[in-house]
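Asks: Chains A and B, in that order, give the protein sequences.
So in the numbering used here the end of the first sequence lands on 368, straight run, no missing numbers.
So in the numbering used here the end of the second sequence lands on 728, straight run, no missing numbers.
Dumping the calculated SDA-like pairs for lysine to any residue here, alpha-carbon to alpha-carbon at most 25 angstroms:
1) B:K473 to B:G460
2) A:K170 to B:D86
3) B:K172 to A:Y45
4) B:K58 to B:E655
5) B:K402 to A:M42
Keep in mind the hints are simulated off the structure, nothing from the lab.
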Amino acid sequence: MLKYLMKRSGIYLIMIFLTTSAGYFLAVSSLKPAVLEQEKIPRPTPEQVAASFRGLGLDPDLNPWERYIQWLGGIVTRWDWGRSPNGAFVNAEFADRVLVSTRLFIASIILTLVIGVALGVYSAARQYKFQDRVITSYSYLVHILPAPIAYFLVQLGAIGINEAVGERIFFVTGISTPGIDPGWPAFVDMVAHYAVPTFAMTIFGWAGYQIAQRQYLLDNVNADFVRTARAKGLTRNQAIRKHALRVSFIPVAQSIAFTIPAIFTGGFFAEAIFAWPGIGLWSIQAISLQDVNVATATLAYGSVIFAIGAILADFATTLVDPRVRVQ
Amino acid sequence: MSTNITPAERLRDAGLYAPGDAVLSVRDLNVRFNSENGVVHAVRGVDFDLMPGKTLGIVGESGSGKSVTSMAIMGLLPETADITGSVRFKGKELLGLSDKAMCKHRGNDIAMVFQDPLSSLTPVYTVGTQIIEALTVHNPTMSKQAKEARAVDLLRMVGIPSPKDRLKAFPHEFSGGMRQRVMIAIAIANDPRVLIADEPTTALDVTIQAQVLEVLHTAQEETGAAVVMITHDLGVVAGMADDIMVMYAGKPVETGTVEDIYYNPRMPYTLGLLGAVPRVDTATKQSLVPIEGTPPNLALPVTGCSFAARCPLVSDACLHGEPELFPVPGVAVPGVEGQALGHKAACIKANELSNDADAHRIFHAPPKPVSKFDGVARVERDKVLELKDVRKHFPLLKGALIKRRIGTVKAVDGLSFDIREGECVSIVGESGCGKTTTLLEIMEFHPDQVGEVIIGGVSNKVATDHKTKMAMRKEMQMVFQDPTGALDPRFTVYEVLAEPLENLGMPKAAIKKRIMELMKLVGLQPDHVNRFPNQFSGGQRQRIGIARALAVNPKLVVLDEPVSALDVSVQAGVINLLDKLRAELGLSYLMVAHDLSVVRHISDRVAVMYLGKIVETGDVDDVFDNPRHPYTRALLSAIPVPDPNLERTRERIILQGDLPSPLDAPKGCNFATRCPVFAALPAAKQEKCLTLEPPLASEKEGAQDFACFFPDGELDADMLVVHA
Chain A
42 MLKYLMKRSG IYLIMIFLTT SAGYFLAVSS LKPAVLEQEK IPRPTPEQVA ASFRGLGLDP
102 DLNPWERYIQ WLGGIVTRWD WGRSPNGAFV NAEFADRVLV STRLFIASII LTLVIGVALG
162 VYSAARQYKF QDRVITSYSY LVHILPAPIA YFLVQLGAIG INEAVGERIF FVTGISTPGI
222 DPGWPAFVDM VAHYAVPTFA MTIFGWAGYQ IAQRQYLLDN VNADFVRTAR AKGLTRNQAI
282 RKHALRVSFI PVAQSIAFTI PAIFTGGFFA EAIFAWPGIG LWSIQAISLQ DVNVATATLA
342 YGSVIFAIGA ILADFATTLV DPRVRVQ
Chain B
5 MSTNITPAER LRDAGLYAPG DAVLSVRDLN VRFNSENGVV HAVRGVDFDL MPGKTLGIVG
65 ESGSGKSVTS MAIMGLLPET ADITGSVRFK GKELLGLSDK AMCKHRGNDI AMVFQDPLSS
125 LTPVYTVGTQ IIEALTVHNP TMSKQAKEAR AVDLLRMVGI PSPKDRLKAF PHEFSGGMRQ
185 RVMIAIAIAN DPRVLIADEP TTALDVTIQA QVLEVLHTAQ EETGAAVVMI THDLGVVAGM
245 ADDIMVMYAG KPVETGTVED IYYNPRMPYT LGLLGAVPRV DTATKQSLVP IEGTPPNLAL
305 PVTGCSFAAR CPLVSDACLH GEPELFPVPG VAVPGVEGQA LGHKAACIKA NELSNDADAH
365 RIFHAPPKPV SKFDGVARVE RDKVLELKDV RKHFPLLKGA LIKRRIGTVK AVDGLSFDIR
425 EGECVSIVGE SGCGKTTTLL EIMEFHPDQV GEVIIGGVSN KVATDHKTKM AMRKEMQMVF
485 QDPTGALDPR FTVYEVLAEP LENLGMPKAA IKKRIMELMK LVGLQPDHVN RFPNQFSGGQ
545 RQRIGIARAL AVNPKLVVLD EPVSALDVSV QAGVINLLDK LRAELGLSYL MVAHDLSVVR
605 HISDRVAVMY LGKIVETGDV DDVFDNPRHP YTRALLSAIP VPDPNLERTR ERIILQGDLP
665 SPLDAPKGCN FATRCPVFAA LPAAKQEKCL TLEPPLASEK EGAQDFACFF PDGELDADML
725 VVHA
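Same shape as in the complex, but just chain B:
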């Protein structure tokens, strides 16, 4: 590797050696933004070639420059952005084209699907108008009938039922998953050669994510387009991508085929990232790999390896000069047919990381903590929380002056479960299934509630006075999803942590001592107590949130999506902390999470909710390894696993449609409308599902409870997908 090559020469060389048949060639792409803090160098030299029909996955955490890269390719960055390098579509340079000239390519040759389907469609135009617009722009001569027919075809292709009528619907009449399908229909309207999908499923539920990924797959097959899939989720790309580019601090740090990256990572960051993701398919008895620290500030010049500050293998050589991407020895060199990227890593120690590098050892992952309750049988432990037939029904009213009740939304419908000392119980399910309402009902703790909530032996039916309620609050604390929103920006960390203690009437000196303890407990520096929340990173803020919850020494901590707002590498640290605290302090957790991998990693027991009811509950390993209810089976099969071979061959259950409105909850089994087992049953047996409500019961002693008449029934073939 020589260092005395000018960028111009690099570009020329790159152009010469770029594979001639690549649809998209990006060379030395650099993007700089002017900000209040100086010039931010958001993308620092991205190179890749995209072959026709292939899929490139760009993986990175927030701020790694992956979205900016895609926007630069599309020419959608603001005019103030300084973009240099080269982006070629079939050999034609795109950078530097005027907005008007670029419009010939956008939506025609290169199309894009964005992250948030809820805001990506114009609210005031019908879906049909918006699809037809994409056709009109590039085919001005196409007749109105032809365009309409094409729009119907497109909607059918992305799996929208009765497409002809839906053309006239407005975006707000569609669910999030449906809107993302429409976005895909718009993107593939003109048969683009390149389709860029920027976190297309991040905002969606897992079951809907599986549907949308399936639609993307179909779209790619139909159009033969090359796909750039941008994501932070290593599972999502494992099954789809041919090649992977891992980005860190605006720069690709490792590129290669999907097998290279997942099975033979040579950059410590990639290694750490893979180890930081909990797996849904294995019962882990290991901590996750934490990557300490935060990415560098890109407003400052990068002098050494950008990952050096967080790398456990760092040495002096890493701090002098940023390493270029260079081929990993022993594997194919770039330019060999069929390989767009070749395995390259930007690490001077790539050679030292052998095939069997152990991320846990390298990143010093802590040992799995052991709780004093682990040896005690579950039935012998005390109950810290018990719910008995809790219900929350919301009346649905209509009318301006005189309200009429036209229906009932059964948000929570007869929930019973308990949490014992030292265990973590998780509630999982799609959005709208009643998870959050359940938490709110527990926090409400009011005698007028339907059903009984018992916290630390105190029932809500008897807790009428303020004192009992205060005692209850001391037993149970909560950690919220968004660490930034949950902390008052005008409070220092000291004030945040002192508030609950002052509320209990603790003397000042004791408060101070306790706060120092808490800071150490959650892994923050005690001398940072006078800082404000905005001076901390997201992961640190969540640690403050956890410290606040622990301030009053509760027995039970309610965790509402505690890590979903955090990046993968940071998430691992917080999960490890929660694990450690549970063992050391003997805490119990009630967690709500949509990420089933996290749930599997941290929980002892799990309850799967569907339309306000628990459909399956039991030990996490029983439920995850041997799910009985068809909904649990579908939910688990929807989760992508960061293992390409497994991901390509495994059978997936793709549920049809969205979670039905709780209003139209069927009379018999709630799940019958979407059930893959129900669909395959003969009509005589279907009758039972439609008329009788299956009870929540276990088949044999010690196994999980589930609510299904035909637990091992055959699955409907239409809902099964295997990508071979």
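The following block holds chain A by itself, in its conformation from the complex:
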């Protein structure tokens, strides 16, 4: 197993290197930070801009290949992912951004997964009954609703609660209140900031898992092996729980591992609306600020997360399905 994981990791490392390199070439040939510098007052001369960029390792006069070699050399020799046009170090901000994103999404990822799969099973067991119709209709409705609107609705709800109580219980934006006392007050403050985005992302996030789990389980509910289990003397529900569920979870486990990276890197709306400056927001900002190194770094991060997701998917599949167990 370990050998297999090592082999997979090796393959993914090569893929990450290729996508990141391709991303760098794309960024370096399309993003031109010098254009933005021209809007500054007083307007700097092109020579001044070039000189300041040269100091940051962003020499606009070099061709893409030379820039690539310079950038790759920095990473390989010093683990230095370069600097932004404003002089900030990518390495310094990167860790903060990743931490913010992780904190924002981790709870809702776990909650959506658990609730989505549970509701999928629940609704499949009651196919076409009232509960199933409500749950599944809700999921389809949520699929139609654009995320920004959904998040705004939750924010409005939280503000409504605050006003009704007459006290600020929930914060609808921000990570924490500056200058809060450590210990218990800090914890309460964190929960108050954390509750609204997590709630919003959870109730609008489980739809996909619910629909998939319901569908895969229904595909298996009438499978021959469930009939065999019932013929042994298991009740219908026992047979479904013991036999159909595990088989139906195989494709869901695959999809989970692949949706996690999408959330981490594509949570742009959530980060913007709830004002949690994480990695998704950063990647969008980097493009509008013509920031080659940050854009490439966020892309590399996305690739790494994706590779981890893919390995997790393999791992989860081998865990639940003996047919793909590796020697």
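Based on the hints, put chain B in the right spot on chain A.
Replies: This is chain B only, laid out in the frame that chain A set:
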């Protein structure tokens, strides 16, 4: 027979008169399903009593309600099914029990073995877990060790080698036959009183079918359970069953002892069904009995006899009121000791059908067609297809980036045979023996192939240009196994048949004329050409497939399992058609089939394949009446015959194990690992089989060729079974 009895009264009477010692009594069982086309009345009044230790065979074609009956008894139908009547286990009513209450009986008192062993076991649990689960459900106090020991015993009982290690294996590590053994082990785990087997061997090869039937036999002996055997194959139940119930359109149409049904059928449907099955044990010079038409649509109310539309004896009286099952005069009446059913038939003309009723005469079976080639000696006819030492080896590779060759699968290994004008050659063998690969190699027709394929005088070695290949395709056409899958559902029959003709550049008017000819030729109504395939029945679709193959006037038609997807009664019609076409058009056939009875009926010559090689080939009567190779002997003995007396007394060779993987093909004779003759040989002679490859040769001029050193050797006693 009075008609003014209400169902409630019938039930009460039935309950009163049901034999007290029956383990399972079914009375007036009715099942209705809601469908898009209205309420489908799938089972319409099934009555039977099952005595302890006895075997009841339920025989019927697809849609006759036999599986639904078994599922209704088990309480496994969906909740939406409307089930009425009575199912009693030892006097206790089972219908209407909740799922939970029913679970006390399922798997404990009544157990079931299903049709498809490949999908009937949960893929993610070990075989041991699944057997132990069946024990745990009904014996919660049993210790873990005791359950494991019992599971090992069960696996040993159903004949799985090294059962202790196999407990930890997953279903995908077992072959189909092995999985069906596991299913039987699960079913008999709690010593059930009733064992229902729903087409338990339909999905298996004949040799494996013989093994599994043997295991079922053992299981019945060990547990003393009564068995309900559901099947469409009249041969399978002939040797096993005590009583038979023939079902048609959701209703039993004839019941009786196995002798009553096979030797004295009184319902035209039963008679036709028996006549429709080709026999493997006799050289027939007769056509099969075709039953025209299709079963009625059960979404519509049945007003007359359900078989009337297909019955050759139909009269006005048959169309008014559906006949009940009533006793056939002159035989024992129900209730007489030792007889669970008594001979009853649902036909108002049962009396007219005497003991010697001739199905061929009644169903107007066509005379055996005579081909213009029949009088010509084989050597004087032209060769339409010749194979010379054709080989197809697949490399077995391992490794992700750099592939290493770790072995070779010899799917086809040096095949040579020829087909002459007007004859039918069949290739038979278990799945995996290379039959299909052989067909694919012939269809491939490429110069780079190993070995030479000559079709109509054109060799694949010279056919490099498109034109020669097109000419070859015109000579040879193919009919596929699954008629539904082989026809484009979006094409009308006209378009299906016009396509090959357009391909040849035939003018439009000529195409139209030719299509009308073809429709008549295969027995379809010419005005149906604008219909889509889904508007035809399975048998009619296969006729369309045959018409398509014949469109371009080929000399040779390759038939890949042409009737295996069809019901027995429909199959007979298609076989008769193939026979007729061969005679009228002077066609040659190359057929692949697993049903040796069909092969015997239709073929002139036969080639038996084992692991990519022909082990015996010759005239079909020579090979079937006097098989020389032990594999042919085993294969033929594995086929059940629809004749109860013969079936009970004949000696059977039960081969051990499955077809070995072509990877581990032995050095000497391929068959040595499973050979019943080899097993009985002294070690000195065994050496020869293990080191030398027996050549394919005949013993005397004109007899069949076979590849065995000890053709008439004694058979190993362990592999011989007689049920007395």
